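Trainee: Read top to bottom, the protein sequences are chains A and B.
Going by this note's numbering, the first residue of the first sequence is number 1, and it counts up by one from there.
Going by this note's numbering, the first residue of the second sequence is number 1, and it counts up by one from there.
Heads up, a few of these hints could be off.
[Unchecked claim] Taking lysine-lysine and the BS3-like style, the derived pairs with C-alpha atoms no more than 27 Å apart in a straight line are: (1) A:Lys99 <-> B:Lys87; (2) B:Lys198 <-> A:Lys208; (3) B:Lys87 <-> A:Lys159; (4) A:Lys222 <-> B:Lys188; (5) B:Lys198 <-> A:Lys247.
[Claimed, not checked] To give a feel for the contact side, a few chain B residues facing chain A, derived at Cβ under 8 Å: (6) Met150; (7) Pro164; (8) Leu191; (9) Lys198.
Keep in mind that the hints were calculated from the coordinates and are not lab data.
Note that this is a predicted model, so its numbers are computed, not measured.
Where is the CB? At the ideal position from N, CA and C, for every residue including glycine.
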Amino acid sequence: MHDTKIIDQLSDLVSSFICYAGSHLPDDVDAKLKEMAKIETEGFAPTIYKAMADNMELADKLGRPSCQDTGIIQFFAKVGTKFPYQDELPEALEQAVLKATERAPLRHNAVQVFDEINTGNNVGVRVPWIDWELVPDRDDIELYVYMAGGGCSLPGMAKVLMPLEGYEGIVRIIFDQMTSYGVNACPPVLLGVGIAGSAEVAAKLSKKALLRPVGSHNENPKAAMMEEELEKGLNELGLGPGGLSGKLSVMGVNIEQAARHPATLAVGISTACWAHRRACIKINPDFTYDFVTSKGVTL
Amino acid sequence: MSIWHLTTPVTDEDIEKIHIGDVIYLTGDITTGRDDVHHRVVVQGRECPVDLRGAAVFHAGPIMKKVSEDKWKCVAVGPTTSMRMEKAEKEFLAATGVKIVIGKGGMGPKTTEGCKESKAVHTIFPGGCAVVAAECIEDVAGVEWLDLGMPEAMWRFKAKEFGPLIVSIDCHGGNLIDNNKVTFNERKEKLVPEISEKVQFMH
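If we strip away everything but chain B, and leave its shape as in the complex, we get (with noise of 0.2 Å):
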């Protein structure tokens, strides 16, 4: 396990460096973008507001303030589930160019496949600790698509040492939860039956 520390813009050869299991701490820009907003890019096709080229995009939907006319502050941004962006993940690396992806749990063979191609990783920030996380993030630059909502703006961050990011998919075709599963569906397959023995309540 290697310990990385980032500053955007993230290169090719960054992401070429980086294994499932390693831990990014990501100094620079980082932009929220959920449902809707891969909604947009991928399936309507609309230009992505914010330059995203060597950049993060960040599986969040923040709890944001305003303190005046044009700034912003963030109060809480954790993880959102990752697999929900798994059908449009792919499309959305080659659309922008984004390096890193953080969120939390795993994402799939498709967005595996994405990293491959594009060169990016996707990571795991703790889930729940959106504190933590609001901490690490220095400026509000702006939002683009308040349209959308405050949970599925895209918010752009200035964020200093951003982490721990742990990769669960690298550019070599790891995937980490993945692996998880296989293990835990093995285990599943020998717990189940000597549970039910236990529970034939049936008379």
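Only chain A is shown next, with the shape it has when bound in the complex (with noise of 0.2 Å):
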């Protein structure tokens, strides 16, 4: 038996995060993108920055969503083992997109594939998509919510390569995917990399990469200088804001790792607009929380 007013209290606050979301940059994108406007003083880049900086404005000011396209809601969630309410949790997390729907509002982005009809709730097959860690010895839930819109869905992708195309096989397939689809994405993008032993494995890591701060790295050192390499290379394309050329393309790369099969090297990549809602917040079982991702505010 699940208990309503936990469910309901749950959704509430995840609601909330989620409308906040929607109309915030978190710390780290807003600090590295007014970093940014300071380099790309030249063509249309300043134009581009500006309207990016007014749009956060106004969206804060008016309360709305900055960004139309609201995504497919993904959540990520780390549970502690000793969170009370897991039981109510999948039916709170449906619930909080059903009322931020309503309340922010969100777009109606969920279409039913086959029967290709768009559900107006942002609730489908499978969606909102939910991906489950078990953290044990925890009490509290570390909940993340990402809101990835079409344009920087389209460069995903993932290919199994062999081991000998090597790693070099990968800075291809990024810097080919970004000179194609990179423009389409509204860079500056954030870069999520994943490298495993099979596709599915690789692309959702790409995805996790995305999770991490702009600026953090990767523990093992090989891959914290292939993500700089890779960030220093990707800013001398040049495709600047809106992919209408400048000195900087990407806002970082991050790359995560899983142990591969001898004869496999999968690659994963996703990228994240400019506009990368994506936060995070930590909940304890007396519903207190930390906003991680937006520093001192209140839901």
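Both chains are given apart, each in its own frame, so use the hints to dock them into the complex.
Mentor: As structure tokens, this is what we get:
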């Protein structure tokens, strides 16, 4: 028997969290874009960066989603094994999406595959998409919400390379994808790369890489070096904001890895647009919380 | 680079003066139309329910709010990836008489041809700036094909000084983003081998 009062309480909190995430950039993204705007001083770049800053200010002032594409709502939940409301959590997250769709309001983005009908409430088969992780010996949950628009989801791909193609094969795929699809993905983007033994693991890790803060680095020194080299190289492409050319292309490159099979080298790519609306909140059993990605904000 | 303040209906003569890299601020009729609208008009050959002659089509799926029985308000409307419409835009321009296409990212050679033949331009509004754009919408005149759902329906906007619209394809065969891509690809061919040398992790 699920506790409906708990579901209400939890879904109210998470729906406020979704609404806030749709109208504001996380602290790390906001700081990085301000830094980049100072470097992008030529051509159309200053006009675009100004429109971006004006837009975020207006979204905050008017309490509206900053981008019309509020994505398919994805949750990444790290659930403490001692969190007392695990039974209520799946329904609370779905309820939160229904409430946020009305409140924000969010765009209706869940189209049922095969029937090709928009459900009109952002809930559909396996949507909201929820990624669960169990964390032993904790009684809280760490919940990420991510609204990826269609434009920055289009460059997404995964491919299994043969090991002799090497890490240089990965570099080639990343650059090809960025010069072809990158301009449509609302650059400057955050690039997520997953490296693993199979396509689905690499793809999933590439998305999880986007949850990591802008400017953070992989713990493995070789991976961290590859992140830096890719970031430097992609910036030298000079896609600029909106692909209209400039001095920079990316907010950063985040790589996540899983051990691979000896015979495979899989790579996954995900991009996050400049309006990288991913937010993280830690919720305690008494429903007090820490808004990790927007310090000091009360919902 | 020139700046143009245009009002719909836009004429062929207006379009002929415009070149890639110019900036337009548009007042008048802007109607949204993306994947499904292009599919219905071009692939299924259905008659476009909105007279788009001399007007603008906006590759966009807005967030709309119903404020009364027959009145809607635009909450947020930014451009979507124009390249998705590459397959059908040329025919869409010919069928509807649209003069200005608004979107984001570039479009390909087929649309460039279409802009030449139908005397039209493709323009880029800064991506992700949906509240700035919504503030330029003075009125929602109506909606057609709402059965397609909120993002895919044709929303008829009355806009004031809608922009900046950066011209990416003109009617003279120019394509700004294609030109940029040539440069990006040249740089890529130099950068990929340099980085590849640094990631020789296989033993």
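Trainee: Next, verify each hint and record whether it holds.
Mentor: Tested hints:
| no. | hint | result |
| --- | --- | --- |
| 1 | A:Lys99 <-> B:Lys87 | violated, 37 Å |
| 2 | B:Lys198 <-> A:Lys208 | holds, 25 Å |
| 3 | B:Lys87 <-> A:Lys159 | holds, 26 Å |
| 4 | A:Lys222 <-> B:Lys188 | holds, 22 Å |
| 5 | B:Lys198 <-> A:Lys247 | holds, 23 Å |
| 6 | Met150 | holds, 4 Å |
| 7 | Pro164 | holds, 6 Å |
| 8 | Leu191 | holds, 4 Å |
| 9 | Lys198 | holds, 5 Å |
When the structure is compared with the earlier hints, a violation turns up for hint 1 alone.
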